[in-house]
Structures are given as structure tokens and as C-alpha cells.
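Visitor: Chain Y is fixed; fit chains D, B and E onto it per the hints.
There are 4 protein chains.
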Amino acid sequence: MENELRPTTDAGRAFVELAERHAEEAREGIEERDRSGTFPTHLVESMKASGFTKALVPAELGGGGMTSVHDLAVGLNRLGRVDPSLAIAINMHFATSVVTARNWRGAIEAGDDAQRAAMEVFHGMMAGGTIVMANFTEPGTHLTTPLTEVTKVEGGWRIDGRKIFSTLSPAADVFTVGVRERRDDGPDQSRVAIVFRGTLGQTINDDWDAMGMRASGSGSVTYENCVIPDDLLLAGNDYGHESELSLVVGSAGNLGLIATMLGIAEGAAAHVLHQVTTRKKGPEGRLVSERRGIQHAVAEMRASIATSRALIDRVGHLLDEVIVERPVAEVTIDDLHAIVAEFQTAKLVSNRCAIDAVDKALQLSGGQGYFSSSPLSRAYRDVRAGPFMQIWSPNEAYEYIGKVTLGLPPDVDA
Amino acid sequence: MENELRPTTDAGRAFVELAERHAEEAREGIEERDRSGTFPTHLVESMKASGFTKALVPAELGGGGMTSVHDLAVGLNRLGRVDPSLAIAINMHFATSVVTARNWRGAIEAGDDAQRAAMEVFHGMMAGGTIVMANFTEPGTHLTTPLTEVTKVEGGWRIDGRKIFSTLSPAADVFTVGVRERRDDGPDQSRVAIVFRGTLGQTINDDWDAMGMRASGSGSVTYENCVIPDDLLLAGNDYGHESELSLVVGSAGNLGLIATMLGIAEGAAAHVLHQVTTRKKGPEGRLVSERRGIQHAVAEMRASIATSRALIDRVGHLLDEVIVERPVAEVTIDDLHAIVAEFQTAKLVSNRCAIDAVDKALQLSGGQGYFSSSPLSRAYRDVRAGPFMQIWSPNEAYEYIGKVTLGLPPDVDA
Amino acid sequence: MENELRPTTDAGRAFVELAERHAEEAREGIEERDRSGTFPTHLVESMKASGFTKALVPAELGGGGMTSVHDLAVGLNRLGRVDPSLAIAINMHFATSVVTARNWRGAIEAGDDAQRAAMEVFHGMMAGGTIVMANFTEPGTHLTTPLTEVTKVEGGWRIDGRKIFSTLSPAADVFTVGVRERRDDGPDQSRVAIVFRGTLGQTINDDWDAMGMRASGSGSVTYENCVIPDDLLLAGNDYGHESELSLVVGSAGNLGLIATMLGIAEGAAAHVLHQVTTRKKGPEGRLVSERRGIQHAVAEMRASIATSRALIDRVGHLLDEVIVERPVAEVTIDDLHAIVAEFQTAKLVSNRCAIDAVDKALQLSGGQGYFSSSPLSRAYRDVRAGPFMQIWSPNEAYEYIGKVTLGLPPDVDA
Amino acid sequence: MENELRPTTDAGRAFVELAERHAEEAREGIEERDRSGTFPTHLVESMKASGFTKALVPAELGGGGMTSVHDLAVGLNRLGRVDPSLAIAINMHFATSVVTARNWRGAIEAGDDAQRAAMEVFHGMMAGGTIVMANFTEPGTHLTTPLTEVTKVEGGWRIDGRKIFSTLSPAADVFTVGVRERRDDGPDQSRVAIVFRGTLGQTINDDWDAMGMRASGSGSVTYENCVIPDDLLLAGNDYGHESELSLVVGSAGNLGLIATMLGIAEGAAAHVLHQVTTRKKGPEGRLVSERRGIQHAVAEMRASIATSRALIDRVGHLLDEVIVERPVAEVTIDDLHAIVAEFQTAKLVSNRCAIDAVDKALQLSGGQGYFSSSPLSRAYRDVRAGPFMQIWSPNEAYEYIGKVTLGLPPDVDA
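Chains as they are written, first to last, in this note's numbering: chain Y, 1 to 414; chain D, 1 to 414; chain B, 1 to 414; chain E, 1 to 414.
Excised from the complex, chain Y in its bound form:
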């Protein structure tokens, strides 16, 4: 299907080219990984080797120099067509990288050398191949109210709690962990703890078993008496509120996720279009594509895909404007809510479009797509992951979007 998403910067083009190469590489073994739920560590190694994982690191710091989150999403879209598990996994890394890049830029703007240096350490690690992931989701609570706690101990902080949906955890070197610090002298704090892989007390569990995204390495991670040094617990914000961090991650950092869902839909569409334009049916051996019901459903499938593309394209550019190109200090928390509301709107519709397109691909397949051996049945299981993704699921998104649009405080009953 023509008119796919296209990168708009040189660095973006290089990134998308790499993404397509890694997508090809991912074809091998994809069915086996889906069956067994194995995470493809070797593919992440390959992404390190190719420089893919340092795409968002500034060129002057040895990275790919890509800044556009629109283009980042296009690359993930390409990966998503073949291996959406891998795409959402590596997005965990990129989402952190987006924040690092923005903080670095903000530090330069503000002349804050300490923060700049800290971010350059992060950038340097990523340029050298370090893989970072964001470890925030927990059962029975929301992102703004982690139940995992940090407690001051001698020489650092102790972390105790359990995280789920820890996508990319099998390959991550660094975990940024959302935690609660209880305080007597003021409101409790939501903070971020940096945990290096191998820290005592952290257990990365091989327990991911879901109906889809089976090779995404999204198991649980437990923290029991896991102690980190003082300076690895970052400053936070009042417990129970959205932070600038969560708003940036939840929009610019997550655009790649919805582009991945689009990729699933595009992959499914390509598969079934090939099928109906080559298979003949009936004693008279007429091409399936010549049937009118097929043509109608193809148009419906295309409409879903075109809609998803348009939404991602447009919100990608808007995110670049507000989060990447505008001086950090000029972006207020209200500006962030405004762009997050726009992103959430696009996400709601785009994810639904991706699901609908896969549904139509199944319909067009005429029963073949229902077999376990068909990539369509995998697409059907994978694509449903989209709406669950943070922040916000459809359970909360309408309220959030409605309140921001109406100029009300964006406190969601979540």
C-alpha cells in the first residue's frame, strides 16, 4: 500500500534505513520466538553493533544525531511490520533516550553544567552500547502512585517492590525505576531510581506469558532489599501527580508504540493483499481479488491504515515542535498537557485503526488467517496490546482529553 510514513531528516532517513535492515534480520526465527516467548537478545546486540541504539545520542557525543521523534516513530513502524515485540522492547530504550536528549538540551539552554554533565554520562553510555529501560508499571496502581518504595539506608537507598510489564528487561543494562519515597515533613515523593543490572536484590524474572507480544521480554522485575548509591536516586515530584517526565515519556517517548501498532496492521495488510491477488478460488479459478466483497473490505482496511498514518504523521510533527524544537524553558506544564492530550487523541484513534485493519485482514483471509501458522493470527494477538499502553488506556484517556480540552485540571479518576 502506497504512501507509507517517511522520515523527514537526514538522521531520520539513516535511522529508518537501519530499522529496515534490522527488521529483515528479525524475520528469522520470529515464529519460534512467538511460540516459545523467547526474547531475541542477539537482535539487540546487532542493534548496538549497527549504531541503531544510539540514534538519539547527539552526533557530537558520538551518536546518530537524530532529534525528531516523528522519525523515530517511522523507524519503529518499520520494525513493527516484522517484529512488533522487538519494536516495543527497543522503544523502551528510545523513550529514555528521548528524555535524556531533552534534559541535555534544557541544561545547555539553562547553562546548568551539572545537569548537562549528568546527561552526557547517560548519552555516553548509550553511545557505547548501554541499553536502558523504564521500569514503572505495577499491578493495582497507576504510574503516578507507585507502590514500590525507597527507604533511606546507610550509604544509599533501599528499593522494595515489584514491577510488571518490564519490557526489554532481559536485555537492559540500566533500569530507571519509579518509586515512592514516604516523607514525614512534606508530601510523599515520586522519584526515579537508577538500577544497574546485576545490583543485588534485583531479580529479572523470566515470567512473561501473554497472548501476544510474546518475544518482548515483558516479565516482572522484583526489588527486595535492593540498595543503590545516593546519587542514583533522582529528584522527583509530589506523589500522585503527573510529572514533566511522565508527560514527555507518555507522548514523545511513546509515539513509537503506536507506530509499531500501525506497522502490525501494514504487515497484515501486505500479507493478505498478496494472498488475494495471487490465490484463485472456485472451480473457475478466479482471482480472489476480483470478488466485489473483497474489494470493499480492502478499501475499509486501507481507510484504517491511512487514518492511522495521518494521525501519527501529524502528531509526530506537533510533538517535534513542542517537545524537541521549542526551548525547554518555554514549555509549560500546561503546554505539555496540551500536547499530551493531542497525542492521546491520536493514540486512541490510531490504535483502534490498527486493530480494525488487522480485523479486516483476517476477514479477507477467509479463514486461513485463523490458523496458528498464519502471521495474521500473530498480528491479531500482538495488535491488541496497543490500547493497554500507558499513559493513558482508554479507561482513562477520554476523561483526560475531555478535561484538558475543557480547560479543567487534568486530574484523572484512574
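These aren't lab readings, by the way, just hints derived from the structure by calculation. Any given hint might turn out to be false.
Which copy? The list can't say, so a pair holds if one copy fits it or any two copies do.
[Claimed, not checked] Mimicking SDA-like on lysine to any residue, the simulated pairs with C-alpha atoms at most 25 Å apart in a straight line are:
| hint | residue 1 | residue 2 |
| --- | --- | --- |
| 1 | 280 | 238 |
| 2 | 281 | 207 |
| 3 | 152 | 229 |
| 4 | 281 | 205 |
| 5 | 48 | 186 |
| 6 | 281 | 291 |
| 7 | 152 | 59 |
| 8 | 281 | 241 |
| 9 | 48 | 273 |
| 10 | 152 | 338 |
| 11 | 281 | 237 |
| 12 | 48 | 10 |
| 13 | 281 | 139 |
| 14 | 152 | 329 |
Guide: Here is chains D, B and E on its own, set in the frame of chain Y:
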């Protein structure tokens, strides 16, 4: 959720009660059967023992005396809530039983003793526990144009071909097989061959592996030089046209399938309603059900279920009127197309409602439903089977319904 | 389109027959009434004369003896196909009549002779031709919190306030008016005042000017120093809560409204089906109906209509069970909320289906339907009235349905 | 609502600014024009005077020098928010101007001086204030098969036929008229006749009376023995086939129409957002916007608008690439079908979104929007015009899109 479908006859009530008992029985091992794709032969044995499988056999011939296909569907709805694989499997038997009952009734009306006797043989077998299935679907063709052929040989007919989606085949004793007879002296014929399990040349393959309905025993059956006696090849109709048989099976015989899909949705809804009304979330421990986004989505889920119920209820009564209660000779082929169009319309919308309701249940589950261990992820895989089912899938149904509504010949470009 | 809604009782059949006769009568002048916004008083007179308006009055009290609200809705459906303005107007009368019949039945059950006598007065008036309407809606508030007030004065009560959407007001003889009584010694009360046409201080304004339902006489009624005798102010319930009365009116009393919307859709469908099966298009003069896009859209239109019919049919029978057939004293307020939630669900979907069917009819008309002279353009304007109707509009219905389904108190944030 | 469509070129920005000024000017009298169906000739005069109508004329020929059809659509979007009738009327002119500009560019590329000169005459007329319209639609046929005929007569050609939906006809100076030339020596031809206003035999009828777009001047034009000089009958193509002209008009020339529909939706949304954020409801006087059902519906409305915007934005840029920026000779008929299919897809979804957004605005208005005096009721009537618009309506669009996507000949059964 209140206002479930209810049977309307005494025999129907007895049948639904039995269905609920068999559903309870099916709970054990359901996850294991889903994982391994094993067909539960023991549950079919139990259905024989309880008299469930002879429900549609007239009371005077030793059966349950149920005539209403509405009530039949209600029973399958109950099974579908727990074990939709089993429900669609056993519906294969009931669909044949519906036809037998109608033909028997027609023979009595017409005073056709031979046909009556033939049908009583069938009824008698079913009263005695014989399980029958309809073996019609083939890859690359449509129901009206089977590629499996019969050839006259000495002492009978030889069958050669391959059937897929042979649901219930692991437990069936008798297979009614759609075949093509080539003719030199007139148009080719679509006929039905009766094959007893164990006939040489029939191979029931254990090759069912799909994303859902995994315990339905829907593998392929091959016929290679499979010879049956002359009188087991039934009279047919011109090749390439809908027959009265296919119209009756495709409506009255298939109502149970869409009621099964509704059952899946009801099961998913019950699961998630229990979850949100008992689980607490967040540090303040508030019930999930108290959140407004949850309430909204619950209403949407309920709307889908209420719509599906209403459609099945109404079309069930209409089917009873036209196909069960009206004298057989008074029902023209146009009458059949009219009621099939009504049924197809209900099927289109009802299957979509069931899918939507399961989608909402997943949304409400907040990610828990995506785990392999959740019944919701099974429901998501199972419920998508509905739209594939014969006659007609959404690829063809719009054209069929449109043409019948417009008074045009119902030839579908399928 | 086949399989229309059918009455299920003898009295219902007589009622539907009358409805069809009045619908025929309403054809004349319908376009002029739509243009000018004139209420057809003569048609209401004709309905009095034929006995139509006393259909719900018990036979022993001189009425039609119809009890089924399902059948009532079927009659309004027939009227709605031709003149939906008239249908919703006369439903105002029937909604009150439904309540009277239920209260009368409850009084007999309870042996409450006073209440029985009071209801028999009402019944008697309706048997004699009196037309009653419910005057409840006000701008800027909800049904449970009227801003119109009653104040005790010597010899009676004074009413002051303004009602809108006073459908049927041009022809009503008796107005039942929702009012607030402020109290010092307890919670304020919501009560119902009975105002006879012509009472000083009541002004029936000829100010109805809306985009649709233009002949429904839905203007405003003002009450300024309008004094009624003591015994015409009925006992009420605490201000701000749903009453049994509003729940009965809002379900059994309003089923006719959604059946009217279905009628609009059916009328539009019949119009456009006639058009496409008789008009030829293009130089080759092919019937429009032979075009494949037309056939597809016809199927979609039919699906919407079949869905609406099924929902109304089913909820009509459920309403009959709970509100008409079950002893009044056995129906708790929770039972009423349960059935109202079911009704609201049906209403949400059914009204949407009616709107969608009219939309498809317009699409099928190919531009002709957009002309002012086409009944389709009128249908488009009329059918959108459905979702506004009380209780509840889609703004509130999801919350209400969700809460009832979840077992939470049904307090709506309206 | 933030993130409106924005022009991307300097000439586009100037155009959009003018459009906003003309939109303000159009506010006065808009309700009266809707009521009476009067075309605002004075507003077109004002557009001539401001230079608005020569926006697409090259700067070197005295025009505004805008080339982007994306930006053209943005300007029409702004007009559409206030006066969609005017927007679709003036788009008739711009659609012709788009073709002129493209043909002029193609002539320069090809070194075809005669064609260049001819186009410069057209451009010159438009620079001087001439208003052009495309007069193609007829009852009972499709664009590719006009029933209006030209016949060779002495000194020219005689035109006979009747056109409908002749939007802008009250103010047009030049009519480009689709006609059929019958031929004995080859296939009949579809040609374009240029008719100057005032030519004998042309009658511009004041007979536009539709439910919406009432001030768009879309009445019929009849041609009876209307003779034009030889050189005003342009070369054509075989009768019954899409021409390059119709494909360019039907995509680049019609983008403004769907942007107008979006404008209607945005206008309705702005109206109702103002209403719910300023009106208080209920005895407690709470802002309507604080109600949860309102917030949910606002989010749904926003989703529809964001989707429409994204689709128009993206397809606008794609149209600019293929139709405006790529050398004319490099664009094959297949390229045109490819981009028209993309445009049609966007149109289908975008028009549906605009309709849905207006529907939600009505819902949010709580009944106020149903009054004739509300701009929402006008929006509801106006916005439904979108799907009727050529080429293709939803009756045909699915088939067209499906066939192009499947690589089949794009012959539509229209």
C-alpha cells in the same frame, strides 16, 4: 448481567438445564485443552449419556422432543460461556439434527413414507447416541462448489478430496460430506455422501492448530478412494447453487454458532465485572468499579451484549416460525432466502457485538486480560472465529443481504 | 423490508390497525406542516373519535383494554413511519396513560380504594376523549430538579416557572407539571401538579421552531401565578431523586419514542428502496439497484433497522413483564432501575441505528435526498431528535447504565 | 481546540489570512441567507476586490501565486467554519483555477506555447476578477457519462441539456460544462464546453432548495439551443472514462470541500465548547463542563476533529507532491488513480469524522442545538452534504479504492 436469553418451551428448558450442567462439567481442564488443542471426547460421551445429543429427536422416537431452534441456540449459548470449542463442535451434530427433523416433518406432511422411514433411521441413530457432523468446507472454494468428487464404481461411489474445518470430527460417528458428481448428460450435481467412521479411505487428521477454538477438533479429513454403498449418496441439486439444505443449515442450523459467540462475550463480561467490583486499586484502595472510565466502558460492553441478545432472540423466533412451524411444503426457496437474509443480518451484527464486548472486557481488565492465563485472552482468540463461519462470511454477506432485500437473484460473487 | 414489529395481543392488534389508519390520514399536509410548524389538532381529534387515544384505558372502564407497552410501541412505530411529530406528540398522552393504568392496577392489588377511584377518574376522562400531557422539561436543569415552584396560597397552590419541549401542548386538555415545593421542615419535594387547560396563569406559547419534529407542538408553557386547587397537587418524593413515576415514564412510557425513531428509519428505507429499484441511471439505463455499491449500502441499512427492531421487540417484552405483568408491590425501586438500565441500553443503540439507517438512505439516494422536497431530508432532521429525549440522553446514559450494571447507586452526574 | 490546520507557504499564509477576513465578513446575515436560500453575491464581489479569488493565479500573471492545494484547503477550512455554503461555492472557482494552473505549468514544461497562451488567457481573466465554475453534475447519470449533448452547427456547437447542483452559478461569469459529443466515426467523446454567462440558450435557474448549504447557489442550469463558438469546445476523451481532468478536479480540486466539512465541525465544536464552559445547570449552578458525561463526549468530538485534520493535512501534502510539484509529464494516469484513491480514502473518513463531530456537538448541547436558531442545527444540515460530493460518493468509493489498491482496472460500477 441480567436479562439473559431464556428458552420458551418445556423441552427447551430441559435442554438448557442440561446445557448448563454440561458447561459446568466442561470447566475442568479447559485451559489445558486450550493449550494442547485436545478435543474432549469424554464430554461428548457425557452428552450422549445425559440425552443432550438427542434433544432434537422427536419424543415419540425416543428423543428430547425439542423443536425450537431458538431454544437450541439458548442451550449453546450456555455452553459457549464456558467452552465455546465444545459448543461449536456439538452444534455440528445439532445442525444435522435440525435438518433431519425438518425432513421427517416434511415427509409426514407429504405422506412420503420412504423419506419418513429414512429420517427415522437417522433419528433412531441419534436417539441411540450416534454423533453426526457436516463435512463440507474445503480450501479454495465455496460451499456450493465442492471440489471433492464422487465417481461411480462397482457397488457404490468412490469419494476423493479433502475437507477442512471438520469441527467435531474426532468424535463423529457419521460424516455427511458435500461432493461433486460430474455428469455428461446434464449439469454436474452437488450431492451429500454419508460416510461412517472407519470407512476405508477416510482419514481423520489430527492437524487442527488455530489461534482459537483450539479444542473444537476442527482438523482436516481426507477421502482417498473411499467407497460408500449406493444408497448412502443422497440426491442433490445442480452444482453451484444454494440448496434448500444449505439454506436451512446456514440459518436454523447455525443460530447456535452466533449464540456461542454471545456466550463467549457473556463469559468475558462476567469475569471482568467480578474483577472490577472486587479489586481495589491505588494507594487509597478504591474499588476499580468506582472509576468513571470503568463505568462508561461497562455500559458500552453491556450495550454490545444486549444488542446481540436481542438479535438472536428475535431471529430465533422468526426461524422457528418459518423453518420449524410452517408446513415444509409452504416454504418456498424465496421464503428461505428471505429468512436466511434476516439471519445473516443478525449474524453480522451479533458477531461484531460479541467481538466488541470481549474487546471492552479486555480494556476493562487493564492489562490483566492480556496474560495467557486469563480467560479473557482465550475469549479474544475464540470469539474471532465467529465471522469466518459459513454461509456467509462478511466478505459475501453484504452482497447477499443487499440482493435479497432488493429482490434481485441472490447469486453471490463468492 | 420484511419482519416488521408485530403486536402480540388482540387489543394490541386493534391498536396497531388504528395506528396504521391514522398514519394514512396523516399523509395529507405533512409537508406543509413541516414547513410551517403547525400542529395537526384535527388529527388528534380524529384519534379521539376513533378511540385510539383511549387504547390503554381498561375495557371495563370504556377503553381499548390494551396493556402491553410492547404493542403500544408497535402502534407508534407505524405512526412514526409517516408522521413522527404526531407520534411523539400522542406518546405524551400515552405515557401518562401507562402510569395511570399501572397506578390503578396497583391500587386494586393493594385494596386502596381512594387511589383506585382517583385513577378511575383519570381513566374516565381519557375514555371520554381528554388528552393529557406531561410537562416536565425545563432549560438548565434536570428532570429530578425542576426549577418551577409551587407555593401554598389560600385555597390551593400557586405555580411559577417555565417549561420547554412541551410536546402536544397545543392539543392537551390536562397538563401534569413537575414542580418543586420548598420546605422548611424537611427536604424539598418534587411533586406533580395537575393543570387543566385554560387555568388562569398558564400560557401555552406558540414558539416551537426546531430543525425537526416541527409539527409536534413542542413549544414552551409558562406558569405565572397559576393557582390550582389543593387536591390537584399530587404527593411527591424528595427533590433531586428519581421517583418511581419518572422511572416508569422514562422506560415503559418512552418505548414509543424509540419505536417512532425506528419508524422514521423504516419510512426512509422504504422510500429509497423504491427509488433504487425503479430508477435507471446512466446512458445504458441500468437499474440503480443492480450496482454493487448500492447493494452493500442496502445491507448496511437493513442491519441498522433489524438491530433496532430486535432491541425494541425484546425490551418491550421485558418491560411488559416487569412493569405491566408483575404485581406492582413486588417491583422494587432496584427492579425499576434494572429495567430502566436495560431500556436505556436499548434506547442508546436503537436511536443510533435509526440515525444510521437514515444516513444510509440519504447515501443511497445519491443527492436527491438532500433536497427539501424529499422525505429523506425531513427524516434526517426528525430522527436526530431521538437521542435528546429524557431520561437519559447519551451525555448521562453511559454513567447510569454503568452504575446500575456495577451495582452502584444510580446517581448520575447530570 | 488547538492544533488547527496551518498553511505552509507564504502565499498560503496570505490566502488563509484573507479567508479569515472573508469569513468574518460572512457572519452578517448568515442566518437570513440560510432561511431564504439567498446566494451572497456581495461576498463574492468582496473576494474579487480583495484578490482572494485570484490566489491561484501565478504572481507573474498578476495573481496571488499560491500553488499549494494543501494551503488552498486550509483557507476554505476557515471559511467553512462560518459559511460553508460560501466555501463550497467559491471552491468551484478554485477547482477550475487549480486545473488552469496545472495545465499552464504543463504547457511550459512541454514548450507548448499555444496551450500556454490559452491558459494565460484564463489566468488573466481570473486575475481580472472573472469567476469560473464547473457545471458537470446531471440527474440520472455519472460524471463520465454526461447526457447533455453538443451538436455541430454552423459557426459553432449547440448545447442541450440540464445540469444540477450548479453551485456558484448565481455569481459565475464562465461555466465549464461537461458534454457528450456523439460520433459516427469513432467512440463518442466527453468534452468540455466553455459558456460565458449571458449566452443565449443558457438559463440559470433560481431553484436551489435543499436542507443544507442553502446559500450555496446550487440550482440547475439549462442549456437549450445554446450555441458557442468552435474554439470554446475543448478537446476531450472517450465517453465513459475518467479523464485526467476529472481526476485532478476530483482530488486536488476537491480537497477544499472536505476541509469545509471539517470547518463546519470545528465551528460546531467551538460553539458547544463555549456553551458548556460558560453555562451552569441545576439548582446548584454547576458548570456543565464539570459533568463527566460531557467530558467524555468532548473527547470523542475532539477525536473526530483531530482525525479529520490529520487526514486533510497529510493528503494535502501528498496531492501537492504529485499534482503540483511533480512535472506534469511524469505523472501517469496510474499515478493519478493512485493519488485519487488516497484522496478518496481520506475523504470517506474525514467526511464521516466531520459528521460525527457535529453529532457530538448536538449531543453536548443537550437539546438547545436542535432549535432552528442554533448554529448547530444549521451545521447538522450543512455537514451532511459532504458525502454526496463527486467523485466518488460512498456508494462507489469503496469499489474504486479497493480496485486501485488491488491493482485492478479502476472501472467503477457507478
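Visitor: Confirm or reject each hint.
Guide: A quick look at each hint next to the structure:
Only between protomers do residue 280 and residue 238 lie at most 25 Å apart by alpha-carbon distance; the minimum there is 22 Å, versus 63 Å within a single protomer. With identical chains, the CA atoms of residue 281 and residue 207 are at most 25 Å apart between copies only, with a shortest distance of 23 Å across copies and 44 Å within one. With identical chains, the CA atoms of residue 152 and residue 229 are at most 25 Å apart within one copy only, with a shortest distance of 10 Å there and 77 Å across copies. Taking the closest pair of Cα atoms, residue 281 and residue 205 come within 25 Å of each other only across two copies (24 Å); inside a single copy the shortest separation is 48 Å, beyond that limit.
Taking CA atoms no more than 25 Å apart as the test, residue 48 paired with residue 186 passes in neither setting, with 43 Å inside one copy and 66 Å between copies. For the identical chains of this complex, residue 281 and residue 291 are neighbours both inside a copy (10 Å) and across copies (23 Å), given an alpha-carbon limit of 25 Å. For the identical chains of this complex, residue 152 and residue 59 are neighbours neither inside a copy (38 Å) nor across copies (71 Å), given an alpha-carbon limit of 25 Å. Proximity of residue 281 and residue 241 under a CA criterion of 25 Å is satisfied inter-copy only: 16 Å between copies versus 58 Å inside one chain copy.
With identical chains, the CA atoms of residue 48 and residue 273 are never at most 25 Å apart, being 34 Å at best within one copy and 45 Å at best between copies. In this homomeric assembly, residue 152 and residue 338 never come within 25 Å of each other (Cα to Cα): the closest approach is 36 Å inside a single copy and 53 Å across copies. Taking identical chains as interchangeable, the C-alpha atoms of residue 281 and residue 237 lie at most 25 Å apart only when they sit on different chains, with a minimum of 21 Å there against 62 Å within one chain. Taking the shortest alpha-carbon separations for residue 48 and residue 10, only the intra-copy value of 20 Å comes in at or below 25 Å, while the best inter-copy value is 43 Å.
For the identical chains of this complex, residue 281 and residue 139 are inter-copy neighbours only, at 8 Å across copies versus 49 Å inside a copy, given an alpha-carbon limit of 25 Å. Proximity of residue 152 to residue 329 under the C-alpha cut-off of 25 Å is found in neither arrangement, the shortest distances being 32 Å within a copy and 64 Å between copies.
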